[in-house]
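In order, the protein sequences belong to chains A and B. Sequential numbering of the first sequence, starting at 1, is according to this note's numbering. Sequential numbering of the second sequence, starting at 1, is according to this note's numbering.
Think of the hints as simulated: they come from the structure by calculation, not from any bench. These numbers were taken from a predicted model, which means no experiment stands behind them. It cannot be assumed that every hint is accurate.
As the list claims (entries may be wrong) - Here are the simulated DSSO-like pairs of lysine-lysine, each with C-alpha atoms no more than 30 Å apart in a straight line: (1) LYS47/A - LYS105/B; (2) LYS105/B - LYS76/A; (3) LYS47/A - LYS145/B; (4) LYS147/B - LYS108/A; (5) LYS96/A - LYS230/B; (6) LYS188/B - LYS76/A; (7) LYS145/B - LYS96/A; (8) LYS48/B - LYS54/A; (9) LYS147/B - LYS47/A; (10) LYS16/B - LYS188/B; (11) LYS130/A - LYS147/B; (12) LYS48/B - LYS8/B; (13) LYS188/B - LYS105/B; (14) LYS147/B - LYS76/A; (15) LYS147/B - LYS96/A; (16) LYS59/B - LYS99/B; (17) LYS47/A - LYS275/B.
To be verified - Chain A residues, not near chain B, derived (Cβ > 10 Å throughout): (18) GLU19; (19) GLY38; (20) HIS62.
Claimed, not checked - Examples of chain B residues toward chain A, derived with CB under 7 Å: (21) TYR132; (22) PHE146; (23) PHE148; (24) HIS214; (25) ILE215; (26) GLU217; (27) PRO218; (28) GLU226.
All residues carry an ideal CB built from backbone N, CA and C; glycine is no exception.
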Amino acid sequence: MAESIRLEVVTPEQAVIDEDAQIVVAPGSLGEFGVLIGHTPFLTSLKVGTLYYKDVNGDERHLFVSGGFAEALPDKVTVLAESAERRRDIDAERAKAAMERATERLEKKDENIDYVRAQAALDRAMHRLKLLGTIK
Amino acid sequence: MATLKEVKTKISAVKKTRQITKAMNMVAASKLRGAQADMEGFRPYSGKFEEVLGSLLEKVDEEVSSLLIPCEEVNQIHLVLCTSDRGLCGGFNSNLILKANSFIKDRSESEVEFSFTNFGKKGRDWCRNNNYTIISEHLGVVGGKFKFNVAAVSGRQLIEGFQNGSYDEVYLIYSEFVSMARQVPVLKQILPIPSLEVVEDEVEDEEKPYLAEHICEPSLAELVREMLPKSVYIQLYSALLETSTSEHAARMTAMDNATNACNDMLENLTLVYNKARQAAITAELMDIVGGAEALRG
Numbered sequence: 001m002a003e004s005i006r007l008e009v010v011t012p013e014q015a016v017i018d019e020d021a022q023i024v025v026a027p028g029s030l031g032e033f034g035v036l037i038g039h040t041p042f043l044t045s046l047k048v049g050t051l052y053y054k055d056v057n058g059d060e061r062h063l064f065v066s067g068g069f070a071e072a073l074p075d076k077v078t079v080l081a082e083s084a085e086r087r088r089d090i091d092a093e094r095a096k097a098a099m100e101r102a103t104e105r106l107e108k109k110d111e112n113i114d115y116v117r118a119q120a121a122l123d124r125a126m127h128r129l130k131l132l133g134t135i136k
Numbered sequence: 001m002a003t004l005k006e007v008k009t010k011i012s013a014v015k016k017t018r019q020i021t022k023a024m025n026m027v028a029a030s031k032l033r034g035a036q037a038d039m040e041g042f043r044p045y046s047g048k049f050e051e052v053l054g055s056l057l058e059k060v061d062e063e064v065s066s067l068l069i070p071c072e073e074v075n076q077i078h079l080v081l082c083t084s085d086r087g088l089c090g091g092f093n094s095n096l097i098l099k100a101n102s103f104i105k106d107r108s109e110s111e112v113e114f115s116f117t118n119f120g121k122k123g124r125d126w127c128r129n130n131n132y133t134i135i136s137e138h139l140g141v142v143g144g145k146f147k148f149n150v151a152a153v154s155g156r157q158l159i160e161g162f163q164n165g166s167y168d169e170v171y172l173i174y175s176e177f178v179s180m181a182r183q184v185p186v187l188k189q190i191l192p193i194p195s196l197e198v199v200e201d202e203v204e205d206e207e208k209p210y211l212a213e214h215i216c217e218p219s220l221a222e223l224v225r226e227m228l229p230k231s232v233y234i235q236l237y238s239a240l241l242e243t244s245t246s247e248h249a250a251r252m253t254a255m256d257n258a259t260n261a262c263n264d265m266l267e268n269l270t271l272v273y274n275k276a277r278q279a280a281i282t283a284e285l286m287d288i289v290g291g292a293e294a295l296r297g
């Protein structure tokens with residue numbers, strides 16, 4: 001087994017993940033990047049998207065992250081996200097509702113609607129659903 | 001001398017009060033545990049965030065973001081006042097309001113206008129009574145369950161207000177949870193963002209190896225620009241958490257004192273009751289004896 005790197009994912013509410021991983025792949029704002037042990041110090045903001053890692057047993061784990069940063073050090077990856085959910089914790093109903101709401105808002109031609117925020121909400125909902133749908 | 005019946009009613013009234021204060025004490029205790037757990041849960045996030053931001057800020061000028069540049073002439077001060085929604089928690093709210101009041105007094109020699117964002121009903125009522133401008137109010141947040149979202153939404157409004165010139169400075173007044181017995185009202189400037197000197201001092205020793213040059217993506221300046229608003233949300237959120245925890249702790253102490261006061265009162269009242277009863281019995285005996293003497297004579 002390859003040497004493992006520590007992965008920590010924390011949100012304002014709780015520490016979501018704190019375990020060893022063989023590889024971590026995260027959606028950086030300039031593109032997806034993978035981190036193995038011995039990575040050079042690296043700091044980036046993250047896009048809304050899926051972070052996945054291989055745990056020590058070689059199983060792939062996926063989680064949804066949004067609004068965050070990642071810091072990679074040679075022996076550790078820290079992800080600070082506004083929200084992070086493991087796949088099994090994603091609330092499909094809520095994501096669907098959020099998606100419908102956002103689509104509805106985007107279709108309306110109303111000056112009072114904050115399109116940037118609606119778009120961001122739609123983005124988050126779609127990513128959540130995508131993560132649920134792709135790998136069962 | 002109070003009549004027997006009066007004392008008895010009083011005793012049962014105090015007993016009922018004691019029941020309520022005891023219950024409130026226990027409710028506050030259990031809510032306190034929840035609030036403290038939330039606070040603990042947030043610490044890793046805020047700690048790490050400040051560490052990273054602090055090390056980044058050392059490498060950039062303040063021109064990088066408008067949030068860092070102090071305003072030269074301050075005419076509009078915005079206060080974020082965190083209080084509780086409900087009373088019965090001792091001097092908790094009045095301490096916070098006093099803090100706000102003395103701050104306003106300090107700063108009001110020049111032509112400064114104050115406006116408010118209120119978390120909690122007590123602070124809002126105070127602002128209303130004193131005719132301060134309330135920009136927004138949030139009830140049901142402090143003391144309850146809330147998510148980071150609340151702080152992010154409200155923090156965004158503050159930043160917008162700061163950037164479009166509605167406020168020149170933004171201050172936060174909240175209650176810091178020091179220990180179960182001590183909650184201190186704190187005033188903190190959040191916008192423009194003061195330099196993070198305090199943080200540097202605290203972690204200087206550990207941070208030395210940490211200062212390894214990072215590769216930054218997109219760029220150092222952009223990262224900082226993206227992180228700064230978040231640091232405002234973080235401060236706001238942690239202030240709300242602290243205030244909630246403090247509120248519960250303050251209520252626990254207040255209710256504990258009330259329960260003790262009830263116990264003292266009951267003791268005294270029982271004494272009075274027994275004395276009165278004894279006096280009544282004695283008086284009755286005297287009557288009977290007196291009556292019997294009169295008959296015999």
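Hinted pair, alpha-carbon criterion (30 Å max): LYS47/A, LYS145/B. Please report holds or violated.
Between LYS47/A and LYS145/B the Cα gap is close to 28 Å, so the pair holds against 30 Å.
Taking only the CA atoms, is the gap from LYS188/B to LYS76/A under or equal to 30 Å?
33 Å, violated
Does HIS214/B pass the interface hint, meaning its C-beta sits closer than 7 Å to a C-beta of chain A?
With a closest approach of 4 Å, the HIS214/B hint holds.
Quick check on PHE146/B please, does its C-beta sit within 7 Å of some C-beta on chain A?
10 Å, violated
Restraint check for LYS147/B with LYS108/A, where alpha carbons must lie at most 30 Å apart:
Since the Cα atoms of LYS147/B and LYS108/A sit roughly 29 Å apart, the hinted pair holds (cutoff 30 Å).
Next item in the hint list is GLU226/B. Is there a CB on chain A closer than 7 Å to its CB?
5 Å, holds
Does the alpha-carbon distance linking LYS105/B and LYS76/A stay inside the 30 Å limit?
Violated: LYS105/B and LYS76/A sit about 50 Å apart, past 30 Å.
Interface hint status, ILE215/B versus chain A (Cβ within 7 Å):
With a minimum Cβ separation of about 5 Å from chain A (threshold 7 Å), the hint on ILE215/B holds.
Hint check: is the beta carbon of PRO218/B less than 7 Å from a beta carbon of chain A?
At 6 Å from the nearest chain A Cβ, PRO218/B passes the 7 Å test, so the hint holds.
Is the shortest C-beta separation between PHE148/B and chain A less than 7 Å?
For PHE148/B, the interface hint holds, since the closest Cβ of chain A sits about 4 Å away, which is under 7 Å.
Does LYS105/B sit within 30 Å of LYS188/B, going by the straight-line distance between their CA atoms?
Given pair LYS188/B, LYS105/B holds - Cα atoms ~16 Å apart, limit 30 Å.
Is LYS147/B close enough to LYS76/A, meaning Cα to Cα at most 30 Å?
28 Å, holds
Of the numbered hints given earlier, the model fails hints 1, 2, 6, 10, 12, 16, 17, 21, 22; all others are met.
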